[in-house]
Amino acid sequence: MHRARQDEVELEKSVRRLREKFYGKVSIKTATVLMRQFCNNHELACSRIILCKNELEDTDPEDGESLDDDPVALRVVDKLEQEEEQKKQKRNDKSDEKIKEVAQQLKCLPLTQKNLRMFDNAEKNRIPPEDRQFSCQPCDSMWWRRVPKRKQVSRCHLCGNKYDPVPEDKMWGTAEFTCPSCGRTFSGSAQMGTPSPCYSCHSPVLPSFIIPPRKKLGPRSRQQHSCFAEDCYNRREPHIPGTHCVHPQSRVKNSLPKVIYPSQEHDSTGSTVATCLSQGSLAFCDINELILEDLKEEEAGESSN
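Residues are numbered in our numbering as their position in the sequence shown, beginning at 1, plus a constant of 22.
These are computed hints drawn from the structure, not numbers from a lab. Mixed in with the good hints, there may be bad ones.
As the list claims (entries may be wrong) - Each computed PhoX-like pair below joins lysine-lysine, with the alpha-carbon atoms no more than 25 Å apart: (1) K171 to K192; (2) K280 to K192; (3) K101 to K192; (4) K184 to K47; (5) K184 to K171; (6) K171 to K275; (7) K47 to K192; (8) K101 to K173; (9) K192 to K173; (10) K173 to K184; (11) K280 to K184; (12) K101 to K47; (13) K192 to K275.
From just these sequences and the hints, can you work out the full model?
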């Protein structure tokens, strides 16, 4: 990667992460100036903001006033501001605040549970993630992404459309079950709300939750899949009319699509664009790799248009 481009990518990653820690309440330009001041060290900048907010440390508001002589920083500012402008036309955030002014702004926020959680996470340099399932019906594609808890959206790698996650009561895949009759815990292919027979006592058991895919999987069960869905290749009786088995073998046998329940297209309000973490497959857990992957996708999308 060319050095100038690498510098730009590292700066953009740091700006996005700093803004996400404060739920987008720090302007793009301010975040970019701070990242230049702190050499992309978003953790240190975040700590300084928290310290200043608590009046434990002062910061000179005149430091780093201008970005005019910094073309890389200006490109990042332009790119992120364009993203935000596309989704939120009436954004009125032209301030050029620095550490002290940002801290003062945050200090004036009401002490709601949400804001206290934000300060606590920021003080610990944490961006709470959540593993969610997404699907694209037109592309017949399903994937999992680790996304920020407060901004759950992901883009289909095939068509580029953005989607909300599959509702938790409609998720499917490898489910975990706990039999209320014999107490056995087991796993198997299922959709939330569709029972499967316990491998021990054969009682119908509803899935507790769907297990996100992981890099390191445990040993596979020797038990053959079976459920009460009408079209299961190894159906148990009494079956439930109108239900579909999610096991890949049943889907192929019945010529059914991979997507069991489609995600809704994401209706962006503008707050997810320049603040959200980049999404990546759960096989890649390093945040830096995920953001680099997302930037490459954006470049590919722009060049194809």
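Cross-check of the supplied hints:
1. Proximity of K171 to K192 is assessed by CA-CA distance (about 19 Å); at most 25 Å being required, the pair is judged to hold.
2. Restraint check: the Cα-Cα separation between K280 and K192 comes to about 14 Å, which is no more than 25 Å; the hinted pair holds.
3. Distance hint between K101 and K192 is unfulfilled; the C-alpha atoms sit about 36 Å from each other, more than 25 Å.
4. A threshold of 25 Å between alpha carbons decides the hint, and for K184 with K47 the separation of about 23 Å falls inside it, so the pair holds.
5. Of the pairs offered as hints, the one joining K184 and K171 holds, with about 16 Å between alpha carbons and a cut-off of 25 Å not exceeded.
6. A C-alpha spacing of about 37 Å is found between K171 and K275, which places the hinted pair above 25 Å, so the restraint is violated.
7. For the proposed pair K47 and K192, the alpha carbon gap of about 33 Å is over 25 Å, so the pair is violated.
8. Between K101 and K173 the CA atoms are separated by roughly 20 Å; this keeps the pair inside 25 Å, and the hint holds.
9. Distance hint between K192 and K173 is fulfilled; the C-alpha atoms sit about 20 Å from each other, no more than 25 Å.
10. Distance restraint check for K173 and K184: the Cα-Cα separation of roughly 12 Å lies within the 25 Å cut-off, and the hinted pair is therefore satisfied.
11. Proximity of K280 to K184 is assessed by CA-CA distance (about 19 Å); at most 25 Å being required, the pair is judged to hold.
12. Restraint check for K101 and K47: the C-alpha separation of about 18 Å stays at or below 25 Å, so the hint holds.
13. Among the hinted pairs, K192 with K275 is consistent with the structure: their alpha-carbon atoms are about 22 Å apart, no more than 25 Å.
Consistency with the previously given hints fails for numbers 3, 6, 7, ordered from lowest to highest.
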